[in-house]
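Protein sequences appear in the order of chains A and B.
Counting from 1 along the first sequence, just add 164 to a position and that's the residue number in my numbering.
Counting from 1 along the second sequence, just add 4 to a position and that's the residue number in my numbering.
Hint data in this document are derived by calculation from the structure and do not stem from the laboratory.
A few of these clues could be false.
Unchecked claim - Here are the simulated lysine-lysine pairs, DSBU-like style, with alpha carbons at most 35 Å apart:
no., chain 1, residue 1, chain 2, residue 2
1, B, Lys-54, A, Lys-173
2, A, Lys-170, B, Lys-119
3, B, Lys-54, A, Lys-169
4, B, Lys-50, A, Lys-173
5, A, Lys-223, A, Lys-170
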Amino acid sequence: MVKMKKLVKYGYILFTISTLTILYCLIFNPAAWIVYSVAILFIPLLILSFGLTTMATPKKDEEEDRVQEPFIGY
Amino acid sequence: MLDIIINVLIAFLFGSILLGFHRKVMARVQLRPGPPIIQQFLHSLKFFFKETTFPKTASMPFYISIVCILCAIWITAVIIGPVSKGSLLLMFAVYAVYKIVEHNAGSSSGSPYGKMSCVRAVFSASSELPLFAIIFIIYLQVGSMNISDIIAYQNIHGSLIWQLPLVAIVLFILILSKSPYSPFGITKGKDVISGYETEHFGLLRGYIMFSESVSWYIFSWLFLTIFFGDLSILLYIVGMLAISFLTGLINATTPILNPNHSVVSQISIALVGIVGSLLLMFIF
């Protein structure tokens with residue numbers, strides 16, 4: 165569960181950084197190579213961080229099963 | 005930047021509708037009602053809000069970052085293609101990296117199905133890259149690898165599809181091999197559940213579906229632009245729907261080949277395409 169909370173926290177940080185970087189490129193229109201690099205790096209990060217912040221987390225009584233359950237699928 | 009964001013959004017929205025249409029065609033051929041055309045799009049969004057768990061066997065930073073890399077390479081393809089109309093050689097490089105990402109996505113989860121798919125990704129790379137290598141015939145004909153030059157050439161000499169029909173067939177086979185439930189789709193064959201995607205669920209699955217929608221749009225766009233030149237928006241839509249319809253029709257009526265047969269078939273098609281195109285060029 166600690167791991168999940170950490171991921172959500174990273175999600176918020178990444179979302180802020182990538183939004184600011186993309187906004188910088190939109191407003192200040194820097195050189196083409198900077199725009200391309202920002203697009204390639206930060207658009208995927210923006211989508212990932214959006215997902216990390218919106219994903220549902222397990223309920224309190226289920227979290228043990230979700231995180232501690234050994235991998236028995238196969 | 006706005007141009008890139010708009011193109012990525014169009015690629016995602018239209019790509020997911022095309023994949024939904026592809027699924028619908030397959031369903032109708034198999035006498036099923038099938039899901040609504042918008043289903044692929046809804047699924048992609050839905051997964052972002054689903055509960056996500058991470059397998060204990062996953063190699064953790066890699067397991068998440070590989071999905072991010074998959075998205076990054078298709079955004080690179082959007083920049084090379086519709087945004088800047090750059091070089092086909094770069095598109096070839098993007099495709100080669102895509103095969104490596106497919107391989108690594110399978111191995112990152114630690115699932116046996118993923119690992120099996122990861123091995124098959126190497127097989128399929130060995131057969132799909134020769135298919136894509138046929139772009140050198142386009143270079144021989146046009147004298148340039150740049151998509152903008154190819155469009156300019158077609159404005160003067162007419163569509164390339166009439167001059168290089170075998171190249172078009174080979175590139176169509178490449179698109180076919182990337183379509184869902186393709187006879188050549190050995191990395192995601194149902195015998196390995198969902199292949200490299202098996203252990204990517206929740207938001208990561210939604211993220212993969214986003215990248216798949218973008219990639220389908222890019223493949224269709226690339227095929228139409230290389231062989232028909234710069235089309236109007238309406239013709240692009242008709243062309244993309246036609247490609248999705250044809251691949252859906254073929255996939256609905258053919259079983260998934262086993263890895264050996266798939267590789268041999270694709271290499272044979274690439275060989276026939278390259279040799280045949282060279283012969284045609286020298287004869288005419």
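Check the hint pairing Lys-223 (chain A) with Lys-170 (chain A) against an upper bound of 35 Å on the C-alpha distance. 17 Å, holds
Holds or violated: are the alpha carbons of Lys-54 (chain B) and Lys-173 (chain A) at most 35 Å from each other? Holds, at roughly 18 Å.
Tell me if the straight-line CA distance from Lys-50 (chain B) to Lys-173 (chain A) falls inside 35 Å. Holds - the C-alpha atoms of Lys-173 (chain A) and Lys-50 (chain B) are around 21 Å apart, at most 35 Å.
Holds or violated: Lys-54 (chain B) to Lys-169 (chain A), with C-alpha atoms at most 35 Å apart: 16 Å, holds
Taken at face value, is the distance from the CA of Lys-119 (chain B) to the CA of Lys-170 (chain A) at most 35 Å? Measuring from Cα to Cα gives roughly 28 Å; hence the hint holds.
When each numbered hint is compared with the structure, no violation occurs for any of them.
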